[in-house]
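J.: My request is simple: use the sequences and hints to build the entire structure.
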Amino acid sequence: MRLQVEDLTYSYGEKEAADHVSLQVDAGEFVGLIGPNGSGKSTVLKNVYRGLRPDSGKITLDGEDLLSMPYRKSARKMAVVGQENEVPFDFTVEEMVAMGRAPHKRLFDVDTPRDRQIVRNALEHLGMEQLAHRNYRRLSGGEKQRVLIARAIAQESDFFVLDEPTNHLDVSYQMQIFDFIKRLKVTVLSAIHDLNMAALYCDRLYVLSQGRVVMEGIPEQVLTPENIYHVYGVRSCVEKHPITGKLSISFLPAGIGASSFWEECI
Amino acid sequence: MEQKHHFRRGEPNMRLILCALTVLALITLIVATGLGPVSVSPGTTIRILLSRIPAIGSGVAHTWQALDENIVLGLRLPRVCLGMVVGASLAVCGVTMQALVRNNLADPFILGVSNGAAAFATLGMLFGAFSFLGVYSLSISAFLGSAVTILFVYTISRVRGHIHITQLLLSGVAVSMIMDGVTSIITLSAPNALGLHNAEFWMSGSLAGARWAYLTLPLAVLVICMAVLMVNYRGLNLLLLGEESAGALGVNVRRLQKLLVLVASLMAGVTIAVSGSIGFVGLMVPHFTRMLVGGDHKKVLPTSALLGGILVVWVDVAARLVIAPEELPVGILTAVIGGPVFIWMLKKSHRETQ
Numbered sequence: 001m002r003l004q005v006e007d008l009t010y011s012y013g014e015k016e017a018a019d020h021v022s023l024q025v026d027a028g029e030f031v032g033l034i035g036p037n038g039s040g041k042s043t044v045l046k047n048v049y050r051g052l053r054p055d056s057g058k059i060t061l062d063g064e065d066l067l068s069m070p071y072r073k074s075a076r077k078m079a080v081v082g083q084e085n086e087v088p089f090d091f092t093v094e095e096m097v098a099m100g101r102a103p104h105k106r107l108f109d110v111d112t113p114r115d116r117q118i119v120r121n122a123l124e125h126l127g128m129e130q131l132a133h134r135n136y137r138r139l140s141g142g143e144k145q146r147v148l149i150a151r152a153i154a155q156e157s158d159f160f161v162l163d164e165p166t167n168h169l170d171v172s173y174q175m176q177i178f179d180f181i182k183r184l185k186v187t188v189l190s191a192i193h194d195l196n197m198a199a200l201y202c203d204r205l206y207v208l209s210q211g212r213v214v215m216e217g218i219p220e221q222v223l224t225p226e227n228i229y230h231v232y233g234v235r236s237c238v239e240k241h242p243i244t245g246k247l248s249i250s251f252l253p254a255g256i257g258a259s260s261f262w263e264e265c266i
Numbered sequence: 267m268e269q270k271h272h273f274r275r276g277e278p279n280m281r282l283i284l285c286a287l288t289v290l291a292l293i294t295l296i297v298a299t300g301l302g303p304v305s306v307s308p309g310t311t312i313r314i315l316l317s318r319i320p321a322i323g324s325g326v327a328h329t330w331q332a333l334d335e336n337i338v339l340g341l342r343l344p345r346v347c348l349g350m351v352v353g354a355s356l357a358v359c360g361v362t363m364q365a366l367v368r369n370n371l372a373d374p375f376i377l378g379v380s381n382g383a384a385a386f387a388t389l390g391m392l393f394g395a396f397s398f399l400g401v402y403s404l405s406i407s408a409f410l411g412s413a414v415t416i417l418f419v420y421t422i423s424r425v426r427g428h429i430h431i432t433q434l435l436l437s438g439v440a441v442s443m444i445m446d447g448v449t450s451i452i453t454l455s456a457p458n459a460l461g462l463h464n465a466e467f468w469m470s471g472s473l474a475g476a477r478w479a480y481l482t483l484p485l486a487v488l489v490i491c492m493a494v495l496m497v498n499y500r501g502l503n504l505l506l507l508g509e510e511s512a513g514a515l516g517v518n519v520r521r522l523q524k525l526l527v528l529v530a531s532l533m534a535g536v537t538i539a540v541s542g543s544i545g546f547v548g549l550m551v552p553h554f555t556r557m558l559v560g561g562d563h564k565k566v567l568p569t570s571a572l573l574g575g576i577l578v579v580w581v582d583v584a585a586r587l588v589i590a591p592e593e594l595p596v597g598i599l600t601a602v603i604g605g606p607v608f609i610w611m612l613k614k615s616h617r618e619t620q
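Protein sequences, first through last, are from chains A and B.
Those letters in the first sequence? Residues 1 to 266, per the numbering used here, in order.
Those letters in the second sequence? Residues 267 to 620, per the numbering used here, in order.
The set of hints was computed from the structure by calculation and includes no laboratory data.
A portion of the hints provided could be inaccurate.
[To be verified] Cut-off 16 Å, straight-line C-alpha distance, at most; resulting in silico cross-link-like pairs (EDC-like, lysine to aspartate or glutamate):
| # | chain 1 | residue 1 | chain 2 | residue 2 |
| --- | --- | --- | --- | --- |
| 1 | B | 564 | A | 55 |
| 2 | B | 565 | A | 179 |
| 3 | B | 564 | A | 90 |
| 4 | A | 185 | A | 29 |
| 5 | A | 246 | A | 220 |
| 6 | A | 15 | A | 55 |
| 7 | A | 185 | A | 158 |
| 8 | A | 58 | A | 6 |
| 9 | B | 564 | A | 129 |
| 10 | A | 77 | A | 55 |
| 11 | A | 185 | A | 203 |
| 12 | B | 565 | A | 6 |
| 13 | A | 240 | A | 216 |
| 14 | A | 182 | A | 220 |
| 15 | A | 144 | A | 158 |
| 16 | A | 77 | A | 90 |
| 17 | B | 614 | A | 55 |
| 18 | A | 182 | A | 29 |
T.: Listed below in structure tokens is the structure:
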């Protein structure tokens, strides 16, 4: 699976929320989209997963134009786990996960034993088979998010788009969810709020600021104290963590760390 | 305590529920046909009905009076059948509108759709706009009224791709007041042109004038719309997740929304053309259906159609018995029952969002 976005522009009325954004995700990569609130991460992803329609620009999946593709086809190529996870009515966990089978179904198709097996496997994969008949709306935030990942697995696509799925979750859930997805060995494009999470899980990063891609590269190139200061306006200390081997970022509050210390850290 | 918190819904047995409801609907058909200011016993009703079935009809002993037969076949049976069709259509229309706006408080009556249909229908009668379409002119103008109202209410309550529920309910109130005003002006200023259909009929709904001829179009529309909705049940479910998620799961959201507006307007329009506005059926029935079978539209659609039909027939029985020999318009009774249910649901939904 290969995603190519060229010159994507989208605006909600006056202001451009995504301004000539170009990016690409190659098969097997875990690519992160970082940037401050309102920098356009979510807008870019919504254009990629067809929640919004670009004003201009080109998006291709495996060389095929996404915008002219039937919705069912793009949904078989790309699964989305987003922030929007409320349903107005009661559905069981199993019913929610079974919705992932929809893009594989034509109008008159019925659910087959194979569909049910796929749904069961997806639930087992996330250790949720016990919850299959529970009411989705009464689950905790972390459990709901796991259900949505199970749904994405049931969708059987090898490309996941994650729109800050872990935003409101406790850190244990955040890590659990990224670990799950990492284990699936799928191609991932994810908006990530937390820079440490981005450093831990991503192969490559794109930095968005005011709707534009301002930087890209591997975490070691992108996550430097200068860049972080430039984009987020905070001082930080970045080190290679002895255990994870990945970058670890500590933010420095105004009172702590005299400028000399900070420079030393850089 | 823990058990209660983790409420667990057993898998509803759909086959059992649908069988039970079908049997209940048949019993309703027979018993309700007998009930009214002049009552006919269920046994007699069954015999009269059987005598009309070609193959076995001749074998039934003719033990009833001609008056009974006239009441059963000429008055009650078309009325009960129309009640079934109207109830089912209103319930399914409610389900459709609720999927469209992602909220269980949507109902053709609450959102002013019935009133819009009534206003357009009276306008159509007054100006004879669709008279070239003969008997269907009334239904078509009512359908146009529903469609215009749904689109209008839907458009003004949509804020950034999400339906704002306060906007939705308030614009429904405003639109229904405007449309009621239009209907009143027309019916009061040109009473002769409108014959039987007076203002009261449009605003409070009644099945009293039912004739066999009224049944064809609503029944055809109900069957077609149900088929269209059942074929699209996955899309309806996905739409509840929100437009973005639905698109990401393979739904052509714009197209499905247009289809739902069309289906809801058709069902509301042709129903209201024959029965006036019978409110709150589209609100109560889907709600109780979901308590019974959950939110999956594959289960909700047939269950609510059956429940809606049964409910309206029984409320109509009550309407002709409560102050017999006078009759209450059935819409007044559904409002008396449905209003409090609406308030209760409103309170409940408020608690849930907090």
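J.: Compare the distance between the alpha carbons of residue 77 (chain A) and residue 55 (chain A) with 16 Å, and conclude whether the hinted pair is satisfied.
T.: Given pair residue 77 (chain A), residue 55 (chain A) is violated - Cα atoms ~23 Å apart, limit 16 Å.
J.: Given the proposed pairing of residue 185 (chain A) with residue 158 (chain A), does the C-alpha separation stay at or below 16 Å?
T.: Holds, because 8 Å separates the two Cα atoms, which is no more than 16 Å.
J.: Is the hinted pair residue 564 (chain B) and residue 129 (chain A) satisfied, with a Cα-Cα distance of at most 16 Å?
T.: This hinted pair is violated, its Cα atoms lying about 23 Å apart.
J.: Checking one constraint from the list: CA of residue 246 (chain A) to CA of residue 220 (chain A), max 16 Å. Satisfied?
T.: With Cα atoms ~8 Å apart, residue 246 (chain A) and residue 220 (chain A) stay inside 16 Å; holds.
J.: Below or equal to 16 Å on CA atoms is what counts here, so check residue 565 (chain B) against residue 179 (chain A).
T.: 36 Å, violated
J.: Do the alpha carbons of residue 58 (chain A) and residue 6 (chain A) lie within 16 Å of each other, as the hint requires?
T.: Since the Cα atoms of residue 58 (chain A) and residue 6 (chain A) sit roughly 5 Å apart, the hinted pair holds (cutoff 16 Å).
J.: Taking 16 Å as the top limit, are the C-alpha atoms of residue 185 (chain A) and residue 29 (chain A) close enough?
T.: 9 Å, holds
J.: Taking only the CA atoms, is the gap from residue 240 (chain A) to residue 216 (chain A) under or equal to 16 Å?
T.: Judged against 16 Å, a Cα distance of about 19 Å means the pair is violated.
J.: Please work out if residue 564 (chain B) and residue 90 (chain A) have their alpha carbons no farther apart than 16 Å.
T.: Answer holds: residue 564 (chain B) to residue 90 (chain A) is near 14 Å, not above 16 Å.
J.: Assess, step by step, whether the Cα of residue 564 (chain B) is no farther than 16 Å from the Cα of residue 55 (chain A), and give holds or violated.
T.: 37 Å, violated
J.: Can the restraint linking residue 565 (chain B) and residue 6 (chain A) be considered satisfied, given a maximum Cα separation of 16 Å?
T.: Not satisfied, since the Cα-Cα distance of roughly 44 Å exceeds 16 Å.
J.: Does the structure keep residue 185 (chain A) and residue 203 (chain A) at a Cα separation of 16 Å or less?
T.: 13 Å, holds
In terms of the numbered hints stated before, the structure departs from hints 1, 2, 9, 10, 12, 13, 14, 15, 16, 17, listed from lowest to highest.
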